[in-house]
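Number of protein chains: 6
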Amino acid sequence: MSSSDSYSRLSGQFTKVSSPSPHVALVQLARNPVNAFHEPFWTELGNVFDAISNEPSIRAVVLASALPKLFCAGIDLAALNFTEEVDAARKALELQKTITSFQHSISALERCRYPVIVATHGVAYGLSIDIIAACDVRYTASNAIFSIKEVDVGLAADIGTLARTPKITGNQSLVNELAFTGRNFSAAEAEKMGLVSRVVEGGRDEVVAAALETAKLIAEKSPIAVLGTKHLLQHARDHSVQENLQYTVVWNSAMLQTQDMAETMQAMQRKTKPKFANLGPKL
Amino acid sequence: MSSSDSYSRLSGQFTKVSSPSPHVALVQLARNPVNAFHEPFWTELGNVFDAISNEPSIRAVVLASALPKLFCAGIDLAALNFTEEVDAARKALELQKTITSFQHSISALERCRYPVIVATHGVAYGLSIDIIAACDVRYTASNAIFSIKEVDVGLAADIGTLARTPKITGNQSLVNELAFTGRNFSAAEAEKMGLVSRVVEGGRDEVVAAALETAKLIAEKSPIAVLGTKHLLQHARDHSVQENLQYTVVWNSAMLQTQDMAETMQAMQRKTKPKFANLGPKL
Amino acid sequence: MSSSDSYSRLSGQFTKVSSPSPHVALVQLARNPVNAFHEPFWTELGNVFDAISNEPSIRAVVLASALPKLFCAGIDLAALNFTEEVDAARKALELQKTITSFQHSISALERCRYPVIVATHGVAYGLSIDIIAACDVRYTASNAIFSIKEVDVGLAADIGTLARTPKITGNQSLVNELAFTGRNFSAAEAEKMGLVSRVVEGGRDEVVAAALETAKLIAEKSPIAVLGTKHLLQHARDHSVQENLQYTVVWNSAMLQTQDMAETMQAMQRKTKPKFANLGPKL
Amino acid sequence: MSSSDSYSRLSGQFTKVSSPSPHVALVQLARNPVNAFHEPFWTELGNVFDAISNEPSIRAVVLASALPKLFCAGIDLAALNFTEEVDAARKALELQKTITSFQHSISALERCRYPVIVATHGVAYGLSIDIIAACDVRYTASNAIFSIKEVDVGLAADIGTLARTPKITGNQSLVNELAFTGRNFSAAEAEKMGLVSRVVEGGRDEVVAAALETAKLIAEKSPIAVLGTKHLLQHARDHSVQENLQYTVVWNSAMLQTQDMAETMQAMQRKTKPKFANLGPKL
Amino acid sequence: MSSSDSYSRLSGQFTKVSSPSPHVALVQLARNPVNAFHEPFWTELGNVFDAISNEPSIRAVVLASALPKLFCAGIDLAALNFTEEVDAARKALELQKTITSFQHSISALERCRYPVIVATHGVAYGLSIDIIAACDVRYTASNAIFSIKEVDVGLAADIGTLARTPKITGNQSLVNELAFTGRNFSAAEAEKMGLVSRVVEGGRDEVVAAALETAKLIAEKSPIAVLGTKHLLQHARDHSVQENLQYTVVWNSAMLQTQDMAETMQAMQRKTKPKFANLGPKL
Amino acid sequence: MSSSDSYSRLSGQFTKVSSPSPHVALVQLARNPVNAFHEPFWTELGNVFDAISNEPSIRAVVLASALPKLFCAGIDLAALNFTEEVDAARKALELQKTITSFQHSISALERCRYPVIVATHGVAYGLSIDIIAACDVRYTASNAIFSIKEVDVGLAADIGTLARTPKITGNQSLVNELAFTGRNFSAAEAEKMGLVSRVVEGGRDEVVAAALETAKLIAEKSPIAVLGTKHLLQHARDHSVQENLQYTVVWNSAMLQTQDMAETMQAMQRKTKPKFANLGPKL
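Residue numbers (UniProt numbering), protein chains in the order written: chain A, 1 to 283; chain B, 1 to 283; chain C, 1 to 283; chain D, 1 to 283; chain E, 1 to 283; chain F, 1 to 283.
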């Protein structure tokens, strides 16, 4: 029913899903010519990731661009028109609805119960940063050029870049400068500030290969353990240490009752790799 | 009325303000011989930055020392005397008032609605770290020597160093060591822990030039976009991701109704730099 | 009563305490052959650190392994058996009690009022990361090999690794990858992500020597200042900047009434090192 | 398109919607014989309220039971079966999904942008309390009998009773007692603890009439003002005073730019009732 | 210098301050004909209360209206004009500045270090509720008529009513209804929801007399104890129990070192009333 | 081993424990002549309740005074002496330790996993309020006289009265007045503000009988359900609604896997009272 090669059925119009190895899904952004995002694209991306999150056999996800030259040029500026003629308060309510829905789509990457590894290359501007900030593990090709572009179209980034970068990086001064200036920055600067954890020499193919390798490794682990690890790390980011420790107690009081722990012990004695059941169909 | 060259009128006795380029204010600490801070100096610094924050034509600020050899030697120890003979509880209330007021002055750097880029060189001890931690972007000359000096006078730093460094850097172990030992550290160590984002080879002139260059770049952007970016990044630092995303929705529901977005679009088509109106007089 | 050389009386069965220099305690993990932790060991470690925290003459602590080849191999898997036959809810309550108590023991490192410098070498797996994350300053020997091993036994780390690493490091992507994969990582990677602040060339002896040097330096400072610095840095990690600043006002309104400030001033004039009274016996 | 009498098109199988007066929607629970909730019913209730929230002409909502004898007997116990045979951890994940979805449905009452007035009568057990706690204004007929019934089926109420009652009432001791014992309580006790604000002598018809009267009054007000009031009161419940005040500043900086304020001023001068435009179609 | 009868020097144009009994200040709103608030009035009210908070001999404050017929009719609608013609974003920034400043003035009642008892009578509409919600103790004459009037001019109350009433009352349903409808409510309803704690039969003179009696009682207590009690109760409102308990520990670690405790003990033995020193001049 | 009548073994010197009915513990304060609390008494009270919390057969607890005339006169003033001659900072650290430990003892009432019903009569001053505020259900005899007495000895209450009363009552104005004035208040006022939920006509015997009746009722319920209800209500008090709902999901994902739910269903069919297993020995 959920044999690994069937993930392509989760594909959309601009978002291609495939199954490069067992329990691994590869999601590729594929809207020519530059993966510019308009509302149908971002809505679809959110839906695809919500569907992935409901797929009990998946254990790790890689997000990349299908386009050989670049990751994503950012938002399709045509997407920003507001036709309605209403007073400024009613217009504000309308904008609230639009932004909330847009954020909800991109946050599907964070909401996805399985680890998402993003692999960037070439141009990665504007919304690209909102997208990668919502992923769990960030790899980049050495040829990538990044930019927090929003300031250049007259707005403060509102789909996650400003919300997440202060928490996931280690040099707030550099994050601030890049957000204020919108200037390009290289893979090396991205690594310096802690935005990416690996710079892979080369372009799209090299970085995707590296990401898939890591995904494969994760897919061999207990899905209960990996899912819990992602959930608790995200909780820790947004709570005090004491609050997170107490929450972890409650979480693990159910999760330690898994068969996966016994399976790992037995596999050690068997000297084979452990084999884990998929998560339930109603996950 | 607010022509750019008039910012010198914002100067105080120890704090010199000038206008090196359009929409940019340069603030220089100028209390001989070592920029030691006593109460009149820190009160003035706070007032100057509150005035800058109310100046609708300013778009970026650089903070530096006017003294060629050093940034700031820290607090003027004579400022710490407590003459009142009262019981320990009443003395504590008095101290609360003094510390709160001192913190309020230095937090004016953070409160300032425009980005503040600090450029340090030479000795930068004690209060210097509280000051730079309250700025948005931190550059240093390679000749700088830093120290979280407070422990050497018998107290825990209370004007912002301990409050802000854990959130703006990426190596808490190093921050802790430096705060416990009060030992000197170099520009390289400051960069390693993520306290500064750029080390400029040389001294005062070189680092100030680099900071002004960045300020100039920021001053060309939409003031609505830049102001919002600073505001939302600061909010993100102190709230959960979900809380910040929701706040951003409300913030941008007003701010996206700016003319600056249309101006950037039109400027792209005109192939000229966009020109933005100043913020309103009652900002 | 509290002469420095008496700290050995605080030793336990698996935890050796000694007094390498005035006001410094060295705590060594000493359970052959690999410092595997079972409940008696972790309970004892917590008790030892709570006792240290109550010892008014101690001013800095170093935590290391007594075993020449490694720091700690992690949890003793035999410690994880749950014999009780009850329903899943009652079992969950039992697990909650066990995990809470385990967390409480390891959090004694964080709770300890004096700075704790950890010095790792060789294998440092699983619980090792929970332990070092609860320390204040992290040094490692260049020969160390780390692993967030929990995922390999089917569980999400619940004794502090996931709670603390997002807050004390600067590359969340790398932390996430290491937690999802359980793969080994080197001292260099630990430094890259900001988990350790110093890599000492060599093994156990070299890193312990460096840690003791720093501890000695801290032990010369005002204990009121150092204790307050640790307390406020920890508070800052878990609160907003504004909340921490206000708390700091109240804390320092008592702590600035110490004699240690006068002593530091007088020592400057005397041109000798200041000498500070120990903290009170009922600390 | 949105003429008031068309709200019946929002009805579902168990949930009847009608339009008793302009801009007012009346929602009635209608599953014979006792309005017991199974998954289709609660899912539908959530969907109906999400649809109401998207209806730009609605300004106030009344929730009541269509059954003359009672409000709701609680959950349909048959809804609680868990067929899947999996380990306790996987079962816990499945339960998490179910409870989250259930909560999401009932929270639609709170999420609804317009005020929801609930009118209870007769038996109001178990889930009834979760439902009324998620409404904004609570009226009851004098013949009502309430019970926080969950403890009698072996579980802690998890759909909102325990989350909301401590914040919306004024006698925690009584709330606690009722939650621990599951005993029946009267309209008078509900009023004493502050759970309801009005006890209407009689039964269903009397209390529904009173609720519709209040709804009609609300429907005459500016929709921008009422929607903002609900939003800010809910925000206040869950944030500190300072946090809420600051959020309110940002919210009202857009909302005060409404035409509704000018309309109210002009209506005062005209000595007629003000007339307000509906909220926009994309609200 | 601080002899009790001199408090009249703190009076402003619309705000009369007097000294009815030792250590007690009586503040009266006095802008004919209906105490309508425009910007100069609310700014002055804030300044008066900040000055009171800095007056070391004051120990309790009563706030009332000087007008025999009413407390306050609310905001002067003429105060709400916005002349500037700018884009909606710049206008929003201007509004943010205005609202923030307005809130800051009214929050001076809460910020005041001494207890503030408010005594209302007659009409108390709109801003009246924001004002009384910011006081510590609320008495009303039986002839009072209240209204959360803001909804009737097209806006959500933003000066504190919505922020504070959910936390200081015990019937959220009634608060919500009153905020949605703007309808009048009586002293009895105010008491029912917990907004006031005492209804004094009569009008202005009776309720002011009762408030002054309570103020006199408070003024006999240790100022250290009373000031700390107000501070800690306010902190408790906005923090978790655990957070408040820990903060209280730090606060009282200074405050228990007061002479006032010894004085109370000695006075018990002397069988006289204790006499407490004023707070220090730099409070 | 845990037969109900053995709870007397949990008694201490000043704290008598008995077993009036199955699964119910009655704890009586018994230090003649007025239950004044000194350190040994409050430490013992904390220890007794921690022991009760570890007793798997207990399901409900009643706390009362053994003295026929009164509940408790408050703290033994002799307990407040501070002999140590140290500087104010070191003294503050000592005080922090003492207050923290005192709070920890009284918070054992809140920490206790089973509901605690307090029954007061006669004089209930000072620490009495801290104690009853930490209980779950509060009954009082009509002859009770309460006072938040701390202000009369020169200090702000720091053992829980100020931390908890703002959250568990519904008239903050009355709470504030009582805390500022220290005046006596009656059972009727306690009920008016929502501090107690039942006033039992009479004295000690009558109120204890009523409390035991409620305890007996609670003791018949599923211990998993009751324990979870207390835990989640406490969590709700200190977290936002959204935060609590999410936590509840995780908590109940384990707790719904109890046999107690099946037992309640079967008992309904059997038409007998359900019988529940005790909680496990390692609870």
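None of these hints come from the bench; they were simulated from the model.
Some hints could be false.
For chains that are exact copies, the list does not tell them apart, and a pair is met inside one copy or across any two.
Straight line, CA to CA, 16 Å or less: simulated EDC-like cross-link-like pairs of lysine to aspartate or glutamate [said to hold, decoys possible]:
(1) K273 to E94
(2) K97 to D76
(3) K167 to D238
(4) K167 to E110
(5) K271 to E213
(6) K275 to D87
A quick look at each hint next to the structure:
1. K273 to E94: For K273 and E94, neither the intra-copy (53 Å) nor the inter-copy (26 Å) Cα distance is at most 16 Å.
2. K97 to D76: neither (19 Å within a copy, 34 Å between copies)
3. K167 to D238: Both. Shortest intra-copy (9 Å) and inter-copy (10 Å) distances satisfy the 16 Å Cα cut-off.
4. K167 to E110: Cα proximity of K167 and E110: one copy only (14 Å, versus 18 Å across).
5. K271 to E213: Classified as neither; 23 Å inside a copy, 45 Å across copies.
6. K275 to D87: Result: close only across copies, 15 Å inter versus 60 Å intra.
Of the hints listed earlier, those the structure fails to meet are numbers 1, 2 and 5, in rising order.
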